[in-house]
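Produce the entire structure from the sequences given, and follow the hints as far as they go.
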Amino acid sequence: MLGLFAGFLGRLTLDQLPHNPVTAGAAASMVLIVIAGIIAMTYFKKWRWLWDEWLTTTNHKRIGVMYIIVALVMLLRGLADALMMRAQQATAASPSHGLMSPEMFQQVFSAHGTIMIFFVGMGLMFGIINLVLPQGLGARDVAFPFLNATSFWLFTAGMLLINMSLVIGEFSAAGWLAYPPLSELKYSPGVGVDYWIWSLQIAGIGSLLSGINFMTTILKMRAPGMSMMKIPMFAWNVFGSMVLVAFAFPILTVTLTLLYLDRAFGMHFFTAGGGGNAMMYVNLIWAWGHPEVYILVLPAFGVFSEIVPTFSRKRLFGYTSMVYATWGIVFLSFIVWLHHFFTMGAGADVNAFFGIMTMAIAIPTGVKIFNWLFTMYQGQIRFTSPMVWFLGFVFLFTIGGVTGVLMAVPAIDYQVHNSLFLVAHFHNMIISGVVFGFFAGLTYWFPKIFGFRLNERIGKYAAYCWIGGFALAFFPLYILGLMGATRRLDHYDASLGWQPLFIVAGIGAMIIALGVGLQILQLIVSIFQRNNNRDLTGDPWNARTLEWATSSPPPEYNFATIPLVTERDAFWVAKQKGTKTIPSHDYHPIQVAKNTSSGIFIGVASFIAAFGFVWHIWWLVLLALAGALATIFYQTLREDEAGERTIPAAEIAATEAAFRKQKEAA
Amino acid sequence: MLKQKGQGVKKGALLGIATALAIVGATAVYLHSHTVAVMSPSGIVAEKERHLIIIALLLSAIVVLPVYVLTILIALTYRETNKKSKKYRPEWDHSWLLETVWWAIPITIIGILSVITWQSSHALDPYQPLSSSVKPVDVQVIALDWKWLFIYPAQHIASVNMLELPVNTPINFSITSDSVMNSFWIPSLGSQIYAMPGMSSQLHLMANKTGNFTGSPANISGKGFADMLFTTKAVNQQAFNSWTDSVKHGSRYLDLTAYHNLAKPGTISAPQYYSNVEGGLYNYTVMQYMGDM
Numbered sequence: 001m002l003g004l005f006a007g008f009l010g011r012l013t014l015d016q017l018p019h020n021p022v023t024a025g026a027a028a029s030m031v032l033i034v035i036a037g038i039i040a041m042t043y044f045k046k047w048r049w050l051w052d053e054w055l056t057t058t059n060h061k062r063i064g065v066m067y068i069i070v071a072l073v074m075l076l077r078g079l080a081d082a083l084m085m086r087a088q089q090a091t092a093a094s095p096s097h098g099l100m101s102p103e104m105f106q107q108v109f110s111a112h113g114t115i116m117i118f119f120v121g122m123g124l125m126f127g128i129i130n131l132v133l134p135q136g137l138g139a140r141d142v143a144f145p146f147l148n149a150t151s152f153w154l155f156t157a158g159m160l161l162i163n164m165s166l167v168i169g170e171f172s173a174a175g176w177l178a179y180p181p182l183s184e185l186k187y188s189p190g191v192g193v194d195y196w197i198w199s200l201q202i203a204g205i206g207s208l209l210s211g212i213n214f215m216t217t218i219l220k221m222r223a224p225g226m227s228m229m230k231i232p233m234f235a236w237n238v239f240g241s242m243v244l245v246a247f248a249f250p251i252l253t254v255t256l257t258l259l260y261l262d263r264a265f266g267m268h269f270f271t272a273g274g275g276g277n278a279m280m281y282v283n284l285i286w287a288w289g290h291p292e293v294y295i296l297v298l299p300a301f302g303v304f305s306e307i308v309p310t311f312s313r314k315r316l317f318g319y320t321s322m323v324y325a326t327w328g329i330v331f332l333s334f335i336v337w338l339h340h341f342f343t344m345g346a347g348a349d350v351n352a353f354f355g356i357m358t359m360a361i362a363i364p365t366g367v368k369i370f371n372w373l374f375t376m377y378q379g380q381i382r383f384t385s386p387m388v389w390f391l392g393f394v395f396l397f398t399i400g401g402v403t404g405v406l407m408a409v410p411a412i413d414y415q416v417h418n419s420l421f422l423v424a425h426f427h428n429m430i431i432s433g434v435v436f437g438f439f440a441g442l443t444y445w446f447p448k449i450f451g452f453r454l455n456e457r458i459g460k461y462a463a464y465c466w467i468g469g470f471a472l473a474f475f476p477l478y479i480l481g482l483m484g485a486t487r488r489l490d491h492y493d494a495s496l497g498w499q500p501l502f503i504v505a506g507i508g509a510m511i512i513a514l515g516v517g518l519q520i521l522q523l524i525v526s527i528f529q530r531n532n533n534r535d536l537t538g539d540p541w542n543a544r545t546l547e548w549a550t551s552s553p554p555p556e557y558n559f560a561t562i563p564l565v566t567e568r569d570a571f572w573v574a575k576q577k578g579t580k581t582i583p584s585h586d587y588h589p590i591q592v593a594k595n596t597s598s599g600i601f602i603g604v605a606s607f608i609a610a611f612g613f614v615w616h617i618w619w620l621v622l623l624a625l626a627g628a629l630a631t632i633f634y635q636t637l638r639e640d641e642a643g644e645r646t647i648p649a650a651e652i653a654a655t656e657a658a659f660r661k662q663k664e665a666a
Numbered sequence: 001m002l003k004q005k006g007q008g009v010k011k012g013a014l015l016g017i018a019t020a021l022a023i024v025g026a027t028a029v030y031l032h033s034h035t036v037a038v039m040s041p042s043g044i045v046a047e048k049e050r051h052l053i054i055i056a057l058l059l060s061a062i063v064v065l066p067v068y069v070l071t072i073l074i075a076l077t078y079r080e081t082n083k084k085s086k087k088y089r090p091e092w093d094h095s096w097l098l099e100t101v102w103w104a105i106p107i108t109i110i111g112i113l114s115v116i117t118w119q120s121s122h123a124l125d126p127y128q129p130l131s132s133s134v135k136p137v138d139v140q141v142i143a144l145d146w147k148w149l150f151i152y153p154a155q156h157i158a159s160v161n162m163l164e165l166p167v168n169t170p171i172n173f174s175i176t177s178d179s180v181m182n183s184f185w186i187p188s189l190g191s192q193i194y195a196m197p198g199m200s201s202q203l204h205l206m207a208n209k210t211g212n213f214t215g216s217p218a219n220i221s222g223k224g225f226a227d228m229l230f231t232t233k234a235v236n237q238q239a240f241n242s243w244t245d246s247v248k249h250g251s252r253y254l255d256l257t258a259y260h261n262l263a264k265p266g267t268i269s270a271p272q273y274y275s276n277v278e279g280g281l282y283n284y285t286v287m288q289y290m291g292d293m
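In order, the protein sequences belong to chains A and B.
So that you can map any letter, position 77 of the first sequence is 77 in this note's numbering, and since no number is skipped, the others follow by simple counting.
So that you can map any letter, position 77 of the second sequence is 77 in this note's numbering, and since no number is skipped, the others follow by simple counting.
Any given hint could turn out to be false.
Just a few of them, taken from the derived set where beta-carbon distance is under 8 Å, the chain A residues facing chain B [said to hold, decoys possible]:
hint, residue
1, VAL65
2, ILE69
3, LEU72
4, LEU185
5, TYR187
6, GLY273
7, ALA348
8, ILE369
9, MET376
10, ILE381
11, LEU406
12, GLN415
13, ASP490
14, TYR492
15, ALA657
16, ARG660
Counterexamples of contact, computed for chain A against chain B with all Cβ distances above 10 Å [stated by the list, open to error]:
hint, residue
17, GLY266
18, ILE335
19, ALA352
Straight-line alpha carbon distances no greater than 25 Å define the calculated SDA-like cross-link-like pairs of lysine to any residue that follow [unchecked claim]:
hint, chain 1, residue 1, chain 2, residue 2
20, A, LYS661, A, ARG534
21, B, LYS86, A, ARG313
22, B, LYS10, A, THR384
23, A, LYS575, A, PHE528
24, B, LYS233, B, VAL137
25, B, LYS48, A, ASP349
26, A, LYS661, A, ASN532
27, A, LYS663, A, LEU536
28, A, LYS186, B, LEU262
29, B, LYS83, A, ARG313
30, B, LYS10, A, PHE383
Since the hints were made in silico from the structure, they are not lab data.
Just so it is clear, CB atoms sit at the ideal spot from N, CA and C, and this is done for glycine as well.
Set out below in structure tokens:
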């Protein structure tokens, strides 16, 4: 009887609660924060508001805001992990073994990588796309609003699961890509790798659905007259990125499933022995993983392609070149994955091919940088904080590009592969490319979404901290890599002389943390001073694209009448000619997607199913999957009209009249 | 007011330059007193690889320096607050000439680098034996949890976490793992390659200076991973011979039982030596993953 009950909860027992004081502290504080949140919500009677306005929303702008909130909270967690790693390596010169045990250090860096890529990078990206893509295209929403909500809740379910591993059980210690055989049951018998598999699996399926959604939005929802060669450059970059999502994420889904089959059911896809081949996994995970890098960076390039013309008061230089460059990157990004493992021992021909394809990516990327520079040339440049991020990007990203070209030469890679040189390189691409791009975008579009600007001065100080902190945190790692320091060492011999550089890197990380602190301060100060920074015109930066034609924040339906587009930068052109982008005052009722709780239900069900998979609680898996499927059927099989709500023409007329009045007064 | 602001900017710039100089100076002092293995090699493969790094850096500089100079010049000249008269052409967004130039320059440079890549990938293929008049020494490397076993098949000896090599002699490494994947890397000598269970990879290196070099485990392999750093000692032929002789005079025999004990997860604090090794141990290690379908 007792045995049956034990089987009832799979592998889950009370022993799985945290014992280590650091983990227990982190877990306890997380639980406390959640409880405090629940109490506060109840006290202020905000539950109904939260449910009606946010949790069940299908509006792309609200979903975008929720993505960004989740991503920024996860940024704090990922940053805490980073600071712990830097503290460990700065202190762990043998005989000292630093502050953490090897197992804990390994869990921390595995969590750091996974969280930063999946829940910060992807979260900020989908957040920003949601905020501005439909509006830039002159559309009222994305192609599939309910699917969009579902994607968000799958993303959030994945995020919750990875944080759950802190409270119950443990996290993977096998690195952010969990190479087998290390990630196989024999070498990682705990639940850590299963947590890793399932949080990525759910979030990944959400990303795939988003990819399809945004691709369709760009292809089918553009305003009349907006041919593909007239869409904002941001939309082109998002399009490229989403095509990559649609092709790459299924590979991730399959690879994770195969690894789970190995672990849970004793199969032998990637095991050492039994006919398995771990190198197959390494190929598959990078066939997804390399495009993933471009999935993140292309939208960031898109952000810069909007910011630079706006703050240079000039058209984007070389639009057509930019489009070709984007597609060059999309194409090449699928034939370079092998450069992540030149050291596997493939023949010289194979290595050389992949090396040359990798370098070729530097060509379209270089073209983009020249085009941005010549957008500034003979313009009138305003050095707002988004432009500070852009300049930081140009100076730092270029260095990452050079080290990337170095590593693309297989014979050079043999000497720096898996060293801290590599760690410095990819942070150089992801922080100064992706993160700086998204921060620039958040600052730029913040007034559009919230109706007031962020404090410029604090924003600039934050950017300086990030730029300077980055240089201090990562340039020493380049040197350490060349000295022979491999990544992921939890301690090293003091006689190697590495410690001073690790200490400098630690100081750099603290300066980055100071930058994050300033960003939080910036947000708080801006909220308090919002009445001084109001955007009443809807166009605070004197910008160019359609999203600035609406009020800030825009009405639920974005555009009262769909704009007619004849040229690129339609809003700018209209301002120059003194015409109206949205001419008609003859309003018709607008149908928008209704709120639905199906999205959050699917998210909750997926979370429960994944939790069941992790702990082998099979009845729970079946129950939760059945619930998720039933919700999907219910949502998709009912009448179309049931999912929509009509906004009457009179309400629209009133909203628009109020905006016109406010604009004239401003 | 304007003048004051200008002075403030100047002060800021001076402070920035001073900080940068201090950092460069500190870096120079640090580098002077430490060895950067990859950039001061002690092996012929590592030497060629350093040469490649320098060539690739110089070629990249042809694009990077103009980008930096242009960025600074354009940003300063066309900033809105610059009151000097300057052109403003808001509609100018295309130039065949300019765009051709900046497609052509990176294409040319990457073209040159591609040729170098193709040639160097073949010339420095780790699987390719090094040409030398000296007879090569074979070393079989097995990555274990968490130590490295080096077998010298011709000498019938083995060592753990200590790799002693004759200088100016090609070394033919065969590398495998009897656990998870790892990577075998001696930065001072050159190329690394993966150690994978059930597979035998090859690597050819040659030290051209004597000395002690650190060897790194370059792929995470579990909790004892950081203790897998090993020492590589390149010595002259005579010293190598006397080392092998002294090891042979030891009393520890690496038979299958001893091997399985050694292979158990755990770290060791000091190098170990075996005066004799069971024949075919390396092949046994590789093949044990190949059966049992």
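**Asked** Are the Cα atoms of LYS661/A and ASN532/A separated by 25 Å or less?
**Response** holds (19 Å)
**Asked** Regarding the hint that ALA348/A lies at the interface with chain B, is the smallest CB-CB distance below 8 Å?
**Response** holds (4 Å)
**Asked** Regarding the assertion that GLY266/A does not contact chain B, is the least Cβ-Cβ distance greater than 10 Å?
**Response** At about 13 Å from chain B, GLY266/A clears the 10 Å cut-off, so the statement holds.
**Prompt:** Straight-line Cα separation of LYS10/B and PHE383/A no greater than 25 Å?
**Reply:** Satisfied, since the Cα-Cα distance of roughly 18 Å is no more than 25 Å.
**Item:** Holds or violated: LYS83/B to ARG313/A, with C-alpha atoms at most 25 Å apart
**Value:** Roughly 16 Å between the alpha carbons, so the hint for LYS83/B and ARG313/A holds.
**Message:** Holds or violated: the hint that ASP490/A contacts chain B, with Cβ atoms closer than 8 Å.
**Reply:** holds (5 Å)
**Prompt:** Taking 8 Å as the limit, does the beta-carbon of TYR187/A come near enough to a beta-carbon in chain B?
**Reply:** holds (5 Å)
**Hinted contact MET376/A with chain B - closest CB pair below 8 Å** = Holds, because the Cβ-Cβ distance from MET376/A to chain B comes to roughly 5 Å (cut-off 8 Å).
**Message:** For the restraint on GLN415/A, tell me whether the closest CB of chain B is nearer than 8 Å.
**Reply:** holds (5 Å)
**Message:** Does the closest beta carbon of chain B sit nearer than 8 Å to the beta carbon of LEU72/A?
**Reply:** Cβ of LEU72/A sits 29 Å from chain B, so the hint is violated.
**Prompt:** Taking the least C-beta to C-beta distance, is ILE381/A closer than 8 Å to chain B?
**Reply:** Check passed: Cβ of ILE381/A comes within 5 Å of chain B, closer than 8 Å.
**Prompt:** Can TYR492/A be said to touch chain B, with a Cβ gap under 8 Å?
**Reply:** holds (7 Å)
Going through the hint list in order, the structure does not satisfy hints 1, 2, 3, 4, 15, 16, 19, 23.
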